[in-house]
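Enquirer: These protein sequence lines are chains A and B, in that order. Here the first sequence is numbered in my numbering, starting from 1 and rising by one per residue. Here the second sequence is numbered in my numbering, starting from 1001 and rising by one per residue.
These are calculated hints, taken from the structure and not from any lab test. Misleading hints may appear alongside valid ones.
Footprint (simulated), chain B over chain A, 3 or more residues, beta carbon under 8 Å [to be verified]:
{"id": "1", "segment": "21 to 29"}
{"id": "2", "segment": "32 to 44"}
Label-pair distances were calculated between CB atoms; the ranges are [stated by the list, open to error]:
{"id": "3", "chain 1": "B", "residue 1": "R1174", "chain 2": "A", "residue 2": "H21", "range": "37 to 43 Å"}
{"id": "4", "chain 1": "B", "residue 1": "A1256", "chain 2": "A", "residue 2": "G18", "range": "44 to 50 Å"}
{"id": "5", "chain 1": "B", "residue 1": "A1218", "chain 2": "A", "residue 2": "K58", "range": "37 to 43 Å"}
{"id": "6", "chain 1": "A", "residue 1": "P65", "chain 2": "B", "residue 2": "M1258", "range": "32 to 38 Å"}
{"id": "7", "chain 1": "B", "residue 1": "M1095", "chain 2": "A", "residue 2": "P7", "range": "18 to 24 Å"}
{"id": "8", "chain 1": "A", "residue 1": "R45", "chain 2": "B", "residue 2": "T1169", "range": "26 to 32 Å"}
{"id": "9", "chain 1": "B", "residue 1": "Y1265", "chain 2": "A", "residue 2": "R22", "range": "41 to 47 Å"}
{"id": "10", "chain 1": "A", "residue 1": "G93", "chain 2": "B", "residue 2": "T1169", "range": "50 to 56 Å"}
{"id": "11", "chain 1": "A", "residue 1": "W6", "chain 2": "B", "residue 2": "D1109", "range": "30 to 36 Å"}
{"id": "12", "chain 1": "A", "residue 1": "P65", "chain 2": "B", "residue 2": "Y1265", "range": "54 to 60 Å"}
{"id": "13", "chain 1": "A", "residue 1": "K4", "chain 2": "B", "residue 2": "C1045", "range": "23 to 29 Å"}
{"id": "14", "chain 1": "A", "residue 1": "L8", "chain 2": "B", "residue 2": "Y1265", "range": "43 to 49 Å"}
{"id": "15", "chain 1": "B", "residue 1": "Y1265", "chain 2": "A", "residue 2": "R14", "range": "44 to 50 Å"}
{"id": "16", "chain 1": "A", "residue 1": "R45", "chain 2": "B", "residue 2": "K1081", "range": "33 to 39 Å"}
Since this is a predicted model, take the numbers as computed values, not measurements. Just so it is clear, CB atoms sit at the ideal spot from N, CA and C, and this is done for glycine as well.
As a plain string of letters, each chain reads:
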Amino acid sequence: MSKKEWPLWEVFIRGQHGLNHRHVGSLHAPDAEMAINHARDVYTRRREGVSIWVVPSKDITASSPSEKGPLFDPAESKTYRHPTFFDIPDEVGKM
Amino acid sequence: MSEMPTNATADAAVTDQALQPAFFDWLCRMGDNALVLGHRTSEWCGHGPVLEEDIALANTALDLIGHTQMWLGLAGEVEGKGRDADALAYLRDAMKFRNFLLVELPRGDMAVTMMREFLFDAYHHLLLAWLSENSSSPRVSEIAAKALKEVSYHLDRASDIVVRLGDGTAESHRRMQDALDLLWPYTGEMFTSDEVDRAMVTAGIAPDLEMLRSKWEASVRDILEEATLKAPDPGGYAHLGGKQGRHTEHLGYILAEMQFLQRAYPGASW
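One chain only, chain A, in its complex shape (with noise of 0.2 Å):
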């Protein structure tokens, strides 16, 4: 085997009430399958989760940390964004 070290993984894992796959972290890998199967030994250990998505994290575009002035500061104060003067029945369940 060469000294290459494999690919980097992001991991997200649905919980077991959870209803989105949340991140939990990375780990290496060869190829997706064997990164599923690391992720399911490296942090489901305590049946935290009930699914799996692995993606290579070269594919992950994120956004620049010296552009969180212009991408987020004009959000604040206009609370009229926040859906929060609704009431919502309890019939609708989870938003």
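With the hints as your guide, set chain B onto chain A.
Expert: Same frame as chain A, now just chain B:
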């Protein structure tokens, strides 16, 4: 490690005096295979080739130690002399251990480790599947059903790695073929019946080993073929004796390490 279950499933086999010596021996075989392979696998903890494999091996070892607690716990009940799983694991001498020679061989490199796990898992999986479905002993079925889920994953993982390394680089292929040639003569013991096995078959507790052998050979051959590895001829020389307590020199070293604490400080716990 374990305590006698207070609300255990009713099981006539557990208190059957005529069956007791063979049943106890057979349960020790189940427990000791899991214990010794679990210990061998745990030797990788902190030494794995990559972090992810290190954790996977440690998980496998823990699963096997968990199975040991269940099998040896039941063995202690069947024996009826007040020995629990701890007493059987930590205070028996090598001659009283009933594991296959296959599982006590040194861990070797990753090729030997994963090839051994694969060869054993393929047997273990077939055996547990039969026990969970068909065993006349409800307690045995219960334990087998619990262990089967974990062993299914062990077998998937080991098969995957055998194929990757066998059909990998020239070096990984050579190491896997060497591992296979080294371990193959130790696989015959899994399917060689003695009077204990025959008593278990008669009682309906465990399956006929010849039936397991043909299924094992078929499934192992498929994976080895995919891995581009050449299986030695079946029916060749088989190293025997572990099931009857005649072990290689390697088992003594494992027990020396594993049992030291309980021998030096009897009853120590934390």
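Enquirer: So, for every hint listed, does it hold in this structure?
Expert: Going through the hints against the structure:
A stretch counts as covered by a chain when three or more of its residues have a beta carbon under 8 Å from one of that chain; for the segment 21 to 29 of chain A and chain B the count is 3, and the coverage holds. Under the rule that three or more residues need a Cβ within less than 8 Å of chain B, the assignment of the segment 32 to 44 of chain A holds, with 7 such residues. One distance hint, 37 to 43 Å for the beta-carbon pair R1174 of chain B and H21 of chain A, holds here, with the actual separation near 41 Å. For the pair A1256 of chain B and G18 of chain A, the beta carbons lie near 47 Å from each other, so the given range of 44 to 50 Å is met.
For the hinted restraint 37 to 43 Å between A1218 of chain B and K58 of chain A, the CB-CB distance of approximately 41 Å keeps it satisfied. Range check, P65 of chain A to M1258 of chain B: Cβ separation about 52 Å, and the 32 to 38 Å hint is violated. Under the hint 18 to 24 Å, the C-beta atoms of M1095 of chain B and P7 of chain A, about 50 Å apart, miss the expected range. Range check, R45 of chain A to T1169 of chain B: about 31 Å between beta-carbon atoms, so the 26 to 32 Å window is met.
Between Y1265 of chain B and R22 of chain A, the C-beta spacing of about 45 Å keeps the proposed range 41 to 47 Å intact. In this structure, G93 of chain A and T1169 of chain B meet the distance hint of 50 to 56 Å, their C-beta atoms being roughly 53 Å apart. Range check, W6 of chain A to D1109 of chain B: about 19 Å between beta-carbon atoms, so the 30 to 36 Å window is missed. For P65 of chain A and Y1265 of chain B, the Cβ-Cβ distance of about 55 Å falls inside the hinted range of 54 to 60 Å, so the restraint holds.
Distance hint check for K4 of chain A and C1045 of chain B: the Cβ-Cβ separation is about 25 Å, which falls inside the suggested range of 23 to 29 Å. L8 of chain A and Y1265 of chain B have their C-beta atoms about 45 Å apart, which keeps the hinted 43 to 49 Å range intact. Remark: the range hint 44 to 50 Å for Y1265 of chain B to R14 of chain A is upheld by a beta-carbon distance near 46 Å. Between R45 of chain A and K1081 of chain B, the C-beta spacing of about 36 Å keeps the proposed range 33 to 39 Å intact.
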